[in-house]
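S.K.: Here's the letter readout for the chains.
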Amino acid sequence: MKFNNIKLYAVAILVSITAFNCSNDDDNNDGPTGPNFAGTYVQEDQMGRPAVNTVFVSGGQKDAFNTTVPSEQGAMFQSMFQTNLEGLSPAYANPGDTNALGLDSATFTGLLATDVLNVSLDGATTFYDGTNVLTGRALADDVITVELLLIFGGEDFSENPGLSNDNVDANDKAFLSSFPYLASPW
Amino acid sequence: MKKTKFLIATAILGIATFVAIAADHIDAPAVSGGTSDITDFYAFQGENSSNIAFVANVQGLLSPDATGSASFDENTLIEFNIDTDGDNVEDLVIQATARDGKMYVFGPTTPTTTGLNSTILANSTNQLAVDITPYGQSAIVESSGGIQAFAGPRDDPFFMDFNRYGEIIGGTATSFNNPGADTFAGFNVMSVVVEVPKSMIGGTGTINTWVESKRKQ
Chain D
1 MKFNNIKLYA
11 VAILVSITAF
21 NCSNDDDNND
31 GPTGPNFAGT
41 YVQEDQMGRP
51 AVNTVFVSGG
61 QKDAFNTTVP
71 SEQGAMFQSM
81 FQTNLEGLSP
91 AYANPGDTNA
101 LGLDSATFTG
111 LLATDVLNVS
121 LDGATTFYDG
131 TNVLTGRALA
141 DDVITVELLL
151 IFGGEDFSEN
161 PGLSNDNVDA
171 NDKAFLSSFP
181 YLASPW
Chain L
1 MKKTKFLIAT
11 AILGIATFVA
21 IAADHIDAPA
31 VSGGTSDITD
41 FYAFQGENSS
51 NIAFVANVQG
61 LLSPDATGSA
71 SFDENTLIEF
81 NIDTDGDNVE
91 DLVIQATARD
101 GKMYVFGPTT
111 PTTTGLNSTI
121 LANSTNQLAV
131 DITPYGQSAI
141 VESSGGIQAF
151 AGPRDDPFFM
161 DFNRYGEIIG
171 GTATSFNNPG
181 ADTFAGFNVM
191 SVVVEVPKSM
201 IGGTGTINTW
211 VESKRKQ
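Keeping their order, the protein sequence lines are chains D and L.
All letters in the first sequence, in the order written, are residues 1 to 186 by the numbering used here.
All letters in the second sequence, in the order written, are residues 1 to 217 by the numbering used here.
For reference, chain D alone in the conformation it holds in the complex (with noise of 0.2 angstroms):
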């Protein structure tokens, strides 16, 4: 009888230690051994054109732009925007001066502060190819020498040439025709 109810006890205990390991997997959404994808994921970077936050916004402003919906970046970052580009650029302080795509210190800001990249359905996609302007960003766009020459080059490209491109025009490794694009790495 006593060697019985100790027998019952240790039943007892087991069942529940079972028990509790099987609830606590109550959590894990997808079975024991599937991945778990449970769980709220909180934004700590964004990017949408190129060197934006690096060269437009100041300082103390970097993470609360990486931290900004899109929607709302143009009414909060705009005028600092304006402000740093006229700091890098100051012949776009002159009235009226515009440049190549003849957008003026405050359309320009206006179009870049809210930081998405227009990409085209229907055609080129390029960041600039001489002729598609924003219509999305190939692998080999020289962004750089885009960026400087609309931030520096003035309204035909000729201004301070000096500024206006890097001179390194492509990759050091090709980029592969076919699906991933990327070259393989160093």
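Hints were generated in silico from the structure; no laboratory data involved.
All residues carry an ideal CB built from backbone N, CA and C; glycine is no exception.
Each hint should be verified, as a subset may be incorrect.
Unchecked claim - If you anchor each label on the Cβ, the simulated ranges turn out as follows:
1) D:Thr98 / L:Arg99: 30 to 40 angstroms
2) L:Asn123 / D:Gly102: 26 to 36 angstroms
3) D:Asn132 / L:Thr114: 28 to 38 angstroms
4) D:Val42 / L:Glu142: 39 to 49 angstroms
5) L:Ile140 / D:Pro95: 53 to 63 angstroms
6) L:Ser144 / D:Asn36: 19 to 29 angstroms
7) L:Asn123 / D:Asn94: 50 to 60 angstroms
8) L:Asn123 / D:Ala106: 42 to 52 angstroms
9) L:Arg99 / D:Ser178: 24 to 34 angstroms
10) D:Asn132 / L:Gly86: 41 to 51 angstroms
11) D:Ser58 / L:Ser175: 47 to 57 angstroms
Chain D is fixed; fit chain L onto it per the hints.
M.R.: For chain L alone, coordinates are given in the frame of chain D:
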């Protein structure tokens, strides 16, 4: 001796910090150099002109020696956002997150909520998992329902004379060199490439896209 080493280490760290902030590499203090630091974003028409390829690169300036041990952070979600109606709010997302050697890709699909907080849309009709390509092996590609995906180390496709730009901004130079020197030559990144049919992301017209990294709370 110790002091010299420390000074050299400090100098290298200083230079690395300085050269590392172009495109979006190490752009802001909260993400700087961490596993959620986006270095670059590309979106372009695929080899098949009915498709658009999205590229997100994270963890910039990996030397070849450091690349073999680099990995995707399983607590980080990489999210491509697609606005199809011109209001700069995402109508569709493509999510990518790593688990145990595989990159899981969900979408394009409509998010349950827009903005800064996301849940993983693991019940999306569009989904696949691709083995993360180990360093030194040929690219492993998985496709399903017209969607292709790759994840793993690649050469950093960004190119720029960032050192000289820094000197110009810092006031120690007045113009670029010709030829310039590519500061990113010889470095790798961790890449996620997802190609989808245009018909899944609006079909025609112009979309607005951006990429986000989000961390599990």
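S.K.: State the violated hints by number, sorted upward, taking the hints as numbered earlier in the document.
M.R.: The structure conflicts with hints 1, 2, 4, 10 and 11, although it agrees with all the remaining ones.
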